[in-house]
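**Student:** Each chain, written out:
There are 4 protein chains.
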Amino acid sequence: MSTPTFDPKNMPFRRLGPSGLRVPVFSLGGWLTFGKSVVGDPCKEIMKLAFENGINMFDTAEAYNNGKSEEEMGRVIKELGWHRSDIVITTKLYWGTRPGPNNGGLSRKHIIEGTQESLARLQMDYVDVIFAHRADPNVPMEEVVRAFSYVIEKGWAFYWATSEWSAEQIEEAYHIADKLHLIPPIAEQCQHNMFHRERPEKEYAKIYSSYNIGTTVWSALASGLLTGKYNNGIPEGSRFDVEKNFFSGTVKQLQSPEGLEKIRKVKELTKLAEEELQTTPSALALAWVARNPNTSTVILGATKPEQLLENLKAIEVIPKLTPAILEKIEVILGNKPEPVNQYGRPLLDKFGKL
Amino acid sequence: MSTPTFDPKNMPFRRLGPSGLRVPVFSLGGWLTFGKSVVGDPCKEIMKLAFENGINMFDTAEAYNNGKSEEEMGRVIKELGWHRSDIVITTKLYWGTRPGPNNGGLSRKHIIEGTQESLARLQMDYVDVIFAHRADPNVPMEEVVRAFSYVIEKGWAFYWATSEWSAEQIEEAYHIADKLHLIPPIAEQCQHNMFHRERPEKEYAKIYSSYNIGTTVWSALASGLLTGKYNNGIPEGSRFDVEKNFFSGTVKQLQSPEGLEKIRKVKELTKLAEEELQTTPSALALAWVARNPNTSTVILGATKPEQLLENLKAIEVIPKLTPAILEKIEVILGNKPEPVNQYGRPLLDKFGKL
Amino acid sequence: MSTPTFDPKNMPFRRLGPSGLRVPVFSLGGWLTFGKSVVGDPCKEIMKLAFENGINMFDTAEAYNNGKSEEEMGRVIKELGWHRSDIVITTKLYWGTRPGPNNGGLSRKHIIEGTQESLARLQMDYVDVIFAHRADPNVPMEEVVRAFSYVIEKGWAFYWATSEWSAEQIEEAYHIADKLHLIPPIAEQCQHNMFHRERPEKEYAKIYSSYNIGTTVWSALASGLLTGKYNNGIPEGSRFDVEKNFFSGTVKQLQSPEGLEKIRKVKELTKLAEEELQTTPSALALAWVARNPNTSTVILGATKPEQLLENLKAIEVIPKLTPAILEKIEVILGNKPEPVNQYGRPLLDKFGKL
Amino acid sequence: MSTPTFDPKNMPFRRLGPSGLRVPVFSLGGWLTFGKSVVGDPCKEIMKLAFENGINMFDTAEAYNNGKSEEEMGRVIKELGWHRSDIVITTKLYWGTRPGPNNGGLSRKHIIEGTQESLARLQMDYVDVIFAHRADPNVPMEEVVRAFSYVIEKGWAFYWATSEWSAEQIEEAYHIADKLHLIPPIAEQCQHNMFHRERPEKEYAKIYSSYNIGTTVWSALASGLLTGKYNNGIPEGSRFDVEKNFFSGTVKQLQSPEGLEKIRKVKELTKLAEEELQTTPSALALAWVARNPNTSTVILGATKPEQLLENLKAIEVIPKLTPAILEKIEVILGNKPEPVNQYGRPLLDKFGKL
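Chains as they are written, first to last, in numbering that gives the first Met the number 0: chain P, 0 to 353; chain C, 0 to 353; chain D, 0 to 353; chain B, 0 to 353.
Just so you know, not all the hints are guaranteed correct.
[Claimed, not checked] Taking lysine-lysine and the PhoX-like style, the derived pairs with C-alpha atoms no more than 25 Å apart in a straight line are:
no.	chain 1	residue 1	chain 2	residue 2
1	D	153	P	178
2	C	178	P	153
3	D	153	C	153
4	P	264	P	312
5	P	153	P	178
6	C	153	P	153
7	P	178	B	178
8	D	327	P	178
9	B	153	D	178
10	D	35	D	303
11	C	43	C	303
12	P	153	D	153
13	P	77	P	47
14	B	178	D	178
15	C	8	C	77
16	B	335	B	261
17	C	335	C	264
18	P	178	C	153
19	B	153	C	153
20	B	67	B	35
21	C	178	P	178
22	B	153	C	178
23	B	178	D	153
24	P	153	D	178
25	B	261	B	312
26	C	153	C	77
27	B	153	P	153
28	D	178	C	178
29	B	153	D	153
30	D	266	D	319
31	D	243	D	303
32	D	270	D	335
33	C	178	B	312
If you are wondering where the hints come from, they were derived from the structure by calculation, not from laboratory data.
Input sequences plus hints: build the corresponding full structure.
**Tutor:** Following this line, the structure appears as structure tokens:
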């Protein structure tokens with residue numbers, strides 16, 4: 000069943016931000032799936048298929064299904080007997096797996112204890128990248144940067160990165176690392192999709208140009224909205240149906256005027272995808288994020304092998320995103336972030352006009 | 000018997016100084032008790048009760064009962080099977096456990112050897128915070144800061160701190176850490192109570208504002224004086240009675256004119272506590288220290304479980320310490336430290352008057 | 000059979016660049032031989048003979064015969080029971096031993112994973128020097144210098160070095176190491192022979208004078224061309240014959256006008272060697288590189304014990320290379336690199352003339 | 000037999016240079032004795048007696064009897080079951096224990112390999128202080144300081160020190176350590192006695208005042224000359240008799256006019272010791288070095304237990320060295336080094352006179 004349908008040698012690899020680590024344009028994430036709906040043999044099947052199709056990066060977090068995502072991923076990797084240097088493993092710390100005042104956040108205590116517990120669940124000596132799953136305003140940045148540098152010096156990770164930090168927070172981490180000769184983060188795991196653009200496209204602009212930070216994108220399909228499957232309501236068995244409680248806010252928002260306006264746009268994108276690119280709206284949405292020069296990898300979720308193969312078709316769509324097509328997409332979306340200059344005002348064109 | 004009488008979720012947690020470590024407002028210390036009058040099952044009972052009531056921080060020292068306090072605490076924690084990240088363990092080095100020229104102080108030799116011996120007694124791989132139990136004028140500050148940074152880099156502690164250091168010594172530690180990119184201390188374990196205020200309230204003022212150092216307070220009840228139990232002389236079985244030799248100076252001082260004046264004040268405080276706050280003088284005294292914004296935690300001692308529960312009532316007194324009540328307390332005490340400005344002269348008010 | 004013919008005490012030792020490590024003027028390399036044509040007992044015989052003749056430095060690389068060179072060398076050293084401090088082992092990272100995006104280059108991931116795999120193949124806890132087998136323009140220099148410093152701090156190597164880096168890249172490594180207080184490289188493993196002089200003699204001039212970098216020279220015999228064995232065509236069984244595919248370009252180049260011109264020069268050098276120095280063209284060519292003050296060691300290859308002994312005769316030729324002889328060699332070669340000053344123009348003599 | 004004759008509590012302890020390590024004024028060294036003339040039970044007996052008399056510091060070196068001194072010392076300490084923190088162990092690297100180009104000196108290779116071999120012979124995890132037994136002009140100071148800092152960071156030693164380095168070399172080590180935030184040496188093991196004063200009293204003057212370096216003195220008795228035992232020629236069984244070859248130069252020098260002049264002075268010192276201080280010339284000579292404020296410890300050698308006890312009598316002589324007595328000694332010696340000011344000229348007194 001798991002015969003690859005895509006030549007793994009065609010998987011494009013990119014550097015993860017400024018680092019020397021190469022990551023595939025599409026990687027596999029274990030959020031909401033591994034250790035929950037996807038366990039045992041099906042989990043193994045999906046990871047095996049991913050690897051056979053060129054996806055050698057697997058992303059998880061201590062908090063994904065309360066540690067079970069890491070356990071499941073670790074077990075599968077061990078059973079498949081992959082050579083450690085052939086794969087890239089990333090995990091994240093912040094939300095913890097236990098209650099209690101020190102079982103989360105970015106204190107030195109949780110960064111060290113949390114890393115050791117993640118590695119135990121993964122049955123590994125190290126991960127490739129460890130992410131701060133959120134910023135922690137209750138810990139001085141010096142303590143955070145020192146602790147992640149410590150994790151790297153101990154050999155428990157090769158790099159560290161951030162997730163959903165503000166540009167100002169990333170800037171401060173660089174400032175501290177530079178001052179103390181410590182190690183700065185290399186990537187930011189952020190939400191980025193056609194309906195969520197301000198932070199990744201505008202707020203981070205200075206961070207990209209100053210530090211060459213790369214993004215590891217989550218929610219590129221806007222929780223499935225951009226697949227077009229909600230074009231005619233919430234189908235039975237879809238994520239919004241199965242995970243009703245988790246996504247209740249999102250579902251409600253979808254039924255608001257703004258939500259209905261989004262669905263209208265998805266329908267137009269679906270038409271564009273099918274008629275002009277001979278592809279699906281999913282593949283278009285994924286390719287659209289992947290084509291961004293600051294995107295290092297787009298993290299895919301998958302509950303079934305077919306879904307993964309389906310999404311990998313986006314690789315062939317990337318070169319089809321010509322300036323003309325991109326402009327048509329902007330017209331449909333109507334939400335292109337306005338660039339700002341360093342004085343915080345909109346950039347003027349060469350004639351001194353906005 | 001050990002049914003909690005206090006909802007552990009009501010225990011307030013604070014950051015330990017500038018760090019990301021969270022500590023409970025009241026913690027449990029092993030000075031003079033663990034490994035001495037409190038051993039075996041009673042020790043276990045008290046620690047279990049403390050934990051069930053939200054106290055997850057346990058403080059000890061190499062010198063407490065010559066290492067026995069650490070041994071007892073380590074044994075109990077192992078037997079209770081607590082998850083390591085759920086608790087905060089602090090110990091201290093300086094006084095040593097053996098005679099000999101290098102078995103104490105803050106030389107690199109004793110800091111490293113002493114830490115390893117403390118960890119062996121505690122049966123732990125690391126403590127959360129390691130304190131320099133006193134300053135050591137015979138060791139250059141660079142050697143001290145380097146050695147504690149080494150202990151942290153080895154993974155034997157997450158943070159280091161000081162105990163009964165002068166503001167000038169703490170300042171020097173920050174200076175050295177800053178210059179050499181080493182790790183500065185985060186807390187100061189000092190005596191602080193209604194009768195001992197100059198150092199914690201005045202001498203450290205600049206240290207609090209410059210470095211956000213937090214205090215872990217010992218002797219908040221002034222060796223029991225503030226419980227009111229010496230209001231009518233030294234009762235049989237009280238600490239001053241049982242530990243006659245250790246406290247002989249204190250007892251003598253109590254019978255001096257200054258001592259009698261203190262007892263007079265305690266009687267007034269007792270009246271205030273009972274009549275205006277419907278609480279005990281102990282709870283008032285503990286809450287008074289705990290309410291100080293620079294206090295990270297107040298360390299409680301306990302020889303019996305009841306005593307611990309009794310003292311935890313102070314948590315409910317903290318919000319009752321209104322400005323009016325605090326002013327009444329100042330009137331009774333009459334010992335408020337005079338703030339000084341940076342030129343060493345008393346601060347002037349906005350009209351240029353003292 | 001392996002009776003030494005050369006007194007090992009006559010082997011000259013030099014410091015490897017600016018470091019305190021002493022290396023023999025001639026060392027033994029495992030490129031193209033160990034783990035390929037030279038395995039098992041013959042490999043052991045050659046290494047034993049080398050050691051008995053004063054050669055205590057052995058050079059290999061992860062990529063030499065895809066890891067087999069390291070395995071063979073490690074096995075032999077273990078079997079011979081040499082005392083670790085008596086020998087100098089060097090290996091190199093960059094080309095990797097497996098396919099895949101992260102199994103090569105100078106990312107932190109490959110430097111750390113690759114070092115551990117090399118040490119496993121060598122059955123050693125550390126090597127003396129680890130080389131970056133090429134520069135990697137896809138990895139920031141800070142990541143490279145940090146990762147090699149990490150390898151040294153972990154105790155996996157005493158020093159690190161470069162191979163076939165440009166002077167500008169070496170300069171950048173020094174800049175980063177100096178800025179961040181990290182460890183700079185000590186040597187450059189470069190090609191240097193009578194027909195390949197621009198880089199080692201001209202490009203590196205500033206690097207030698209600024210940092211005292213030493214070279215560990217490979218291809219001192221220009222793939223055998225300078226032995227004179229191709230003076231009358233490619234003999235059966237020679238490297239160019241046996242390794243036809245690997246050297247196809249070189250062989251073709253040899254038959255071009257430039258190649259024939261080189262052979263003409265080798266014939267003249269052969270005459271000079273035999274008539275004026277009573278030695279072979281090989282010994283002359285080796286001595287000529289070894290006499291360069293920036294050469295720390297010349298790496299010899301050997302497929303047979305006799306070959307090694309033959310080449311060691313070069314040691315006796317070094318002192319015979321008088322200024323007059325060196326000038327005759329320059330006349331034959333006609334390719335002396337023109338020195339440049341810091342403005343990139345030819346240096347003027349003291350009369351202001353070129 | 001080994002009943003202590005001296006109350007160990009009377010042993011004065013001093014800080015070793017600027018460090019927090021306390022060393023006894025008299026310590027025991029293993030040069031020329033341990034592992035050679037003193038082995039097995041006699042060695043144990045001497046070390047046990049030393050310890051019972053307050054001497055808790057034992058000094059050895061990799062080169063002392065080619066490693067045997069370390070082996071003997073390590074064996075005895077293990078057999079006596081001393082608590083590690085009760086003793087101070089020092090060893091030295093430079094001369095090596097094996098032939099070969101990298102088995103000595105101060106390269107990173109020898110410092111790391113040598114330390115590990117010393118620790119193996121001593122059967123210890125660490126020594127208290129590791130000395131560079133000589134300076135090595137063939138290794139850049141940065142490599143030396145980095146390597147000793149590495150040894151300390153690894154936990155193999157608490158401090159490092161120098162032996163017979165010039166003031167300029169020590170100054171350079173401080174310069175490098177300061178620039179790179181590495182660890183500087185704390186002591187200098189130098190020859191210092193009534194006939195060898197220029198270096199310890201004059202050359203190091205600036206080093207003492209700048210860095211508070213302490214000395215660990217060897218040869219305080221000038222190879223026995225100051226004991227008075229050569230006052231009437233070389234007696235049978237004395238060190239100069241037994242170790243004829245090792246000391247041949249010294250013995251010859253003793254019979255020269257300068258040597259005879261020295262013996263004349265020793266006779267005068269003997270008279271002074273006996274008549275004015277009721278002690279032996281040995282005790283006087285030892286006390287004279289020990290009383291120097293820059294001396295941290297004077298290392299004693301001993302081949303017999305009695306000899307050690309005899310020498311410890313010097314402790315009681317120290318307070319008897321009044322200014323008047325010291326002046327009489329200067330008159331006898333006539334070799335007081337002339338102090339120099341920073342311009343290299345003799346210091347003027349307050350009236351502008353020499």
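**Student:** Each hint should be assessed against the structure and marked as holding or not.
**Tutor:** Structure-based check of each hint:
1. The straight-line distance between the Cα atoms of residue 153 of chain D and residue 178 of chain P is roughly 24 Å, inside the 25 Å bound, and the hint therefore holds.
2. Taking the CA atoms of residue 178 of chain C and residue 153 of chain P, the gap is about 24 Å. The hint holds against a cut of 25 Å.
3. A hinted pair counts as satisfied when its Cα atoms are at most 25 Å apart, and residue 153 of chain D with residue 153 of chain C qualifies at roughly 13 Å.
4. For the suggested pair residue 264 of chain P and residue 312 of chain P, the alpha carbons sit about 22 Å apart, so the restraint of at most 25 Å is met.
5. Distance restraint check for residue 153 of chain P and residue 178 of chain P: the Cα-Cα separation of roughly 21 Å lies within the 25 Å cut-off, and the hinted pair is therefore satisfied.
6. Between residue 153 of chain C and residue 153 of chain P, the direct Cα distance comes to roughly 9 Å. Compliance with the 25 Å bound is thereby established for this hinted pair.
7. Pair hint residue 178 of chain P plus residue 178 of chain B holds up; C-alpha atoms about 16 Å apart against a cutoff of 25 Å.
8. As the CA atoms of residue 327 of chain D and residue 178 of chain P are separated by approximately 57 Å, the hinted pair breaks the 25 Å bound.
9. With a CA separation close to 24 Å, the supplied pair residue 153 of chain B and residue 178 of chain D stays within the 25 Å bound.
10. For a cut-off of 25 Å, the pair hint linking residue 35 of chain D to residue 303 of chain D stands: about 13 Å separates their Cα positions.
11. Note on residue 43 of chain C and residue 303 of chain C: the hinted pairing holds, with a Cα-Cα distance of about 11 Å set against a maximum of 25 Å.
12. Proposed proximity of residue 153 of chain P and residue 153 of chain D is supported: the alpha carbons are some 9 Å apart, at most 25 Å.
13. In summary, the hint linking residue 77 of chain P to residue 47 of chain P is supported, as the alpha carbons are separated by about 12 Å, within the 25 Å threshold.
14. Restraint check for residue 178 of chain B and residue 178 of chain D: satisfied, since their Cα atoms lie roughly 11 Å apart, inside the 25 Å limit.
15. Pair hint residue 8 of chain C plus residue 77 of chain C holds up; C-alpha atoms about 24 Å apart against a cutoff of 25 Å.
16. This hinted pair checks out: residue 335 of chain B and residue 261 of chain B have alpha carbons roughly 15 Å apart, not beyond 25 Å.
17. At most 25 Å may separate the alpha-carbon atoms for a hinted pair to count; residue 335 of chain C and residue 264 of chain C meet this at roughly 14 Å.
18. This hinted pair checks out: residue 178 of chain P and residue 153 of chain C have alpha carbons roughly 23 Å apart, not beyond 25 Å.
19. Using a Cα cut-off of 25 Å, the hinted pair residue 153 of chain B and residue 153 of chain C holds, with the two alpha carbons roughly 9 Å apart.
20. The hinted pair formed by residue 67 of chain B and residue 35 of chain B meets the criterion: a straight-line CA distance of about 7 Å does not exceed 25 Å.
21. Only pairs whose Cα atoms come within 25 Å are accepted, and residue 178 of chain C paired with residue 178 of chain P is accepted, the gap being roughly 11 Å.
22. Among the hinted pairs, residue 153 of chain B with residue 178 of chain C is consistent with the structure: their alpha-carbon atoms are about 23 Å apart, no more than 25 Å.
23. Restraint check for residue 178 of chain B and residue 153 of chain D: the C-alpha separation of about 23 Å stays at or below 25 Å, so the hint holds.
24. Proposed proximity of residue 153 of chain P and residue 178 of chain D is supported: the alpha carbons are some 23 Å apart, at most 25 Å.
25. Proposed proximity of residue 261 of chain B and residue 312 of chain B is supported: the alpha carbons are some 24 Å apart, at most 25 Å.
26. The straight-line distance between the Cα atoms of residue 153 of chain C and residue 77 of chain C is roughly 23 Å, inside the 25 Å bound, and the hint therefore holds.
27. Note on residue 153 of chain B and residue 153 of chain P: the hinted pairing holds, with a Cα-Cα distance of about 13 Å set against a maximum of 25 Å.
28. A threshold of 25 Å between alpha carbons decides the hint, and for residue 178 of chain D with residue 178 of chain C the separation of about 16 Å falls inside it, so the pair holds.
29. For the hint linking residue 153 of chain B to residue 153 of chain D, the alpha-carbon distance of about 9 Å falls within 25 Å, and the restraint holds.
30. Restraint check: the Cα-Cα separation between residue 266 of chain D and residue 319 of chain D comes to about 20 Å, which is no more than 25 Å; the hinted pair holds.
31. For a cut-off of 25 Å, the pair hint linking residue 243 of chain D to residue 303 of chain D stands: about 20 Å separates their Cα positions.
32. The hinted pair formed by residue 270 of chain D and residue 335 of chain D meets the criterion: a straight-line CA distance of about 20 Å does not exceed 25 Å.
33. Taking the CA atoms of residue 178 of chain C and residue 312 of chain B, the gap is about 46 Å. The hint is violated against a cut of 25 Å.
The structure fails hints 8 and 33 (numbered hints given earlier, in ascending order).
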